[in-house]
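Peer 1: Protein chains in written order, with my numbering: chain A, 16 to 452; chain B, 1315 to 1442; chain C, 3 to 488.
Everything labelled a hint here was simulated from the structure, so no lab data went into it.
Among the hints, a few may not be true.
[Unchecked claim] Below are the DSS-like pairs computed for lysine-lysine, each with C-alpha atoms no more than 30 Å apart in a straight line:
| # | chain 1 | residue 1 | chain 2 | residue 2 |
| --- | --- | --- | --- | --- |
| 1 | A | K328 | A | K290 |
| 2 | A | K233 | A | K357 |
| 3 | B | K1376 | C | K455 |
| 4 | B | K1376 | A | K290 |
| 5 | C | K86 | A | K40 |
| 6 | C | K365 | C | K456 |
| 7 | B | K1358 | A | K290 |
| 8 | B | K1358 | A | K236 |
| 9 | C | K349 | C | K365 |
| 10 | A | K357 | A | K290 |
| 11 | A | K236 | B | K1362 |
| 12 | C | K455 | A | K40 |
| 13 | B | K1362 | A | K290 |
| 14 | A | K186 | A | K233 |
| 15 | C | K86 | C | K349 |
| 16 | C | K456 | B | K1376 |
| 17 | B | K1376 | A | K328 |
| 18 | B | K1358 | A | K233 |
| 19 | A | K236 | A | K290 |
| 20 | A | K186 | A | K236 |
| 21 | A | K290 | A | K233 |
| 22 | A | K328 | B | K1362 |
| 23 | B | K1358 | A | K328 |
| 24 | B | K1376 | B | K1358 |
[Stated by the list, open to error] A few chain C residues that face chain B, going by a derived Cβ cut-off under 8 Å, partial list only:
| # | residue |
| --- | --- |
| 25 | A472 |
| 26 | A475 |
| 27 | R476 |
| 28 | D479 |
Here a beta-carbon is modelled for each residue, glycine too, at the ideal position from N, C-alpha and C.
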Amino acid sequence: MLAEIGIDSADELFHDIPRSVRDPKLAVPPPMSEMEVIGHLRDLSERNSDLEHQTSFLGAGWYDHYIPAFVDQLLLRSEFYTAYTPYQPEISQGTLQSIYEFQSMICDLTGLEVANASLYDGGSAVAEAIGLALNATGRTNVVVADTVDPVYRNIAATYMEPLDINLSVVKNWGLDSDGTLRETQHSLIDAIDGETAAVVLQRPNFFGWIEETNDVIKAAKSAGALVIMACEPVALGVLTPPGELGADVAVGELRHLAGPPAFGGPGAGYFAATKSQMRRVPGRIVGRTTDVDGRRGFVLTLQAREQHIRRAKASSNICTNEALVALGATIHLAALGRNGLKRLAELCIGNAHACARRAWPRGYAVAVERPFVREFPLKCPRPAAEINAALREMGVLGGFELGRYWDELTDYLLVAFTERNGPIQQERLIESLQEAV
Amino acid sequence: MFPDDLRYTREHEWVRIEDDQATVGITEYAQDELGDIVYVELPKAGEKFAQMETFAVIESVKAVSDLYCPLSGEILAANDELVASPELANESPYADGWMIRIRPASLEEVENLMTAAEYEALVSGLRT
Amino acid sequence: MKDSRVIHELSSPGRTGVSLPDRDPEAPVSADVIPQSELRSDLPLPEVSEVDVVRHYVGLSQKNFCIDTDMYPLGSCTMKYNPKVNEVAARLTGLASIHPLQDDGQVQGALELLHALERLISGISGFEAISLQPAAGAQGELTGMMIIRAHHLRAGERRGRVLIPNSAHGTNPATASMCGFEAEEISTGSDGELDISSLDAALDDDVAGIMMTVPNTLGIFESRIQEICDLTHAAGGLVYCDGANMNAMLGQVLPAALGIDVMHLNLHKTFSTPHGGGGPGAGALCVTAELEDYLPVPRVVRNEDGSYERSSRFPHSIGRVQGGMGNFGNLVRAYTYIRSLGASGLKEAGEWAVLNANYLRAKLSDVYDLAYDRPCMHEVVFAGLRNHAAGVRTLDVAKRLIDLGFHPPTIYFPLIVHEALMIEPTETESLETLDRFISAMRQIAYEAEHAPKKLADAPTSTPVRRLDEATAARHPDLRWAPKPQD
């Protein structure tokens, strides 16, 4: 090889690198054999307390669903997981068609007309949706409900910070004298005016309940603002799709349809919008077309929106989609289908409501007045962090400590349910809570 | 090879002046360079533009370009048929593929535009 | 011809592909607890069995080319083989089945892994501080440019422009815009390196920084990078480096030593995490000690007692960019890869990547037109075929290569190279594979002169042939509907 290249040593190929900094010593340990490296990783793995060995009521945006075996088996097909972006459509029809199917199912779920091939996660999807609204309206004020996942709000705030955007988080809930969380949507309505580019809502909201959104949406529409709704996809198995409610953009996190939580990543954010916003949608989009012989085929399309063509004027800098996670969600959604997704949602709702109706130990109370889906705030007799510490000793993950985001909710746990939280797990929770006081 | 009765910009727009109206489109060279044109976003009647201000965006499969208004003036009409069938800009750039009609604010600005011969020279320079 | 029906067309009423547990008969149903007005009337998803689903998606997979099929020399994408052990590691229950909101005490192994990976990447890049939060390279860029902005603002300066070479990836100018900067192009000199005089002319006290790619997208190491950094710093600007091409520098140079201030690495390129058909990736962001305060939160902190915690106590942080601690699953894979190769393996990988690219350059430059006639780094860029007479375009070369069993190189990028063919073989291809690729490329050059129709008609061996992209964009059909859409 060296002779063919016309050099004496490979070293010559690196002569453009300044001599003074060439050939550093790497602060990296020596190589490990496969057996050694997997042993080391197993050791790290065993130092974590995973969800499989505990009873978990932890959700707050990341849900612990059982994923059917065939989902991961299919994702492990080399042709899916070791392919790159489908730049050459003739040899990427598998990826392209699966994205088209994904887009179709996201449209089905959300009741909107256009969906992209996915974004990094639910949080960045919220940020990109706000970007779309700023672009579409030419306005700079954004109203975000306090009941939107704080992580989504934080990511959106990071994205908006450089752009001189006025992002106001409006508190749309309050505490009753008995400690129940109540909704105060009028505060959102009051915050909307002719300068508002978008209103961001979550359904069900971060606390798990279904907000009364009709009047908020009406106010947004009459002010010329766009409505962005973050919607958890399993709940959409039973809930009215956001498109029917009047949302212009719907976004959400799909990780829990594709695999275990993986410590929060990779996720996949879905992004759907009305047809009138089609050319402002960020990220990859696949379209159906035909080949020179008239056969059906699929291609990346509307690419002039994207950074590799529009560069500084692109609607976003994103140049990926979370393809493999989105594919996992596609496969799972296809297998669940019309009846399965509804049944899955009903299992979560049934478990949450059955548990809520149980006799709670003294000092605990379900602290929500609105109809909820699969998650509810639970008022505890002591700081939730203390309760959780006691539960952990008993092998139970007791839900998310709401005091981590809201000082006035230090005594509240957000308790989440999936199909894995049936009667046996519920009894375990109640007993452990009893013991924790 | 470029029609003599038109004037041209360096950005590959043409303008045809008839009485107090001017029609604007993109040149044969521009449509060829862009390739398959898939989308055109045109302004509405009543909007006003200064000479060489961006008035529209045109997208092909693999490129996107701003279009520049050859003359200052007010939009009288935009070609709706072109919006519905962007391929007209490829197939018929000087006729069916027209973009906008404007009422020019000042015909003196025509002097800032290139003649067919000057534009031809520009394009042959770009092609080498 | 393989079946091209979409999953919806396989639907048969009443079928489902999953077995769910029975409902608790005591539990209420949605109609009991949620008002009717909030419930949907219909859910138009497909109805298929498990076997239908498995066959359908296995069938789809068979229409894909992938790195496990054969060489995938896609320039700027670093399509190296993805070791299978990475997948086993990422699926270990204790690393996969952990919740991002679990108490720190329950996830010490995960936090230790993140901390250790930060230190490894620091060792490989020379930068003091690392964030593993960005979910991809482009999000790393965004984070990095936000940090540059925050740095200037803290010094009381609102700088408006960012300089970007005209050979840069499109993400660079798009990122600058997202950070509120105006992107200004700097030209490339006749040697394929940044034109220093253009840089000098553009630099002033309104310039926030420059976004370099090293080696650049022409596959050339910017030999004057230290001077570029010095000039930019002298004007008060910072230097961002797009690390998409880090593979070439592994073990050869620590990028921080060149004077760069901020750099992202694409873990899915350099450190072999699989591309998954276009994602997920993972982007590590590397900064100098001076910029550490601005890194995203939460960060992993090692306490004196050797335990780890997630901390948001960094008041100057730009905030959070991702919902967890980054694309953790991919971080596990990258960690596994780096520990497997070790220092010596990484250095060898970089050397072989560069050697392989130069071998292709030497063996193809008599029939393909070198964009810049000088040794390259990890990739070589040709300006199409040498013989232009046949009128064969790069697109035809790429499509014909598909029929000969290879994935085509990146084409028509960088934009400044006419008819660009950008070839990155990576270190994991053997000499025999490279020779097969060379012989295919030479065959195409021959056919371009003697059988051009073969190129114009290509590909013919694929599930579909060339597709009508113009119609797809003019009349978008983006979702399945039983009847054709308007």
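Peer 1: To test your reading of the hints: which numbers does this structure violate?
Peer 2: Hint check: 12 and 28 fail, others pass.
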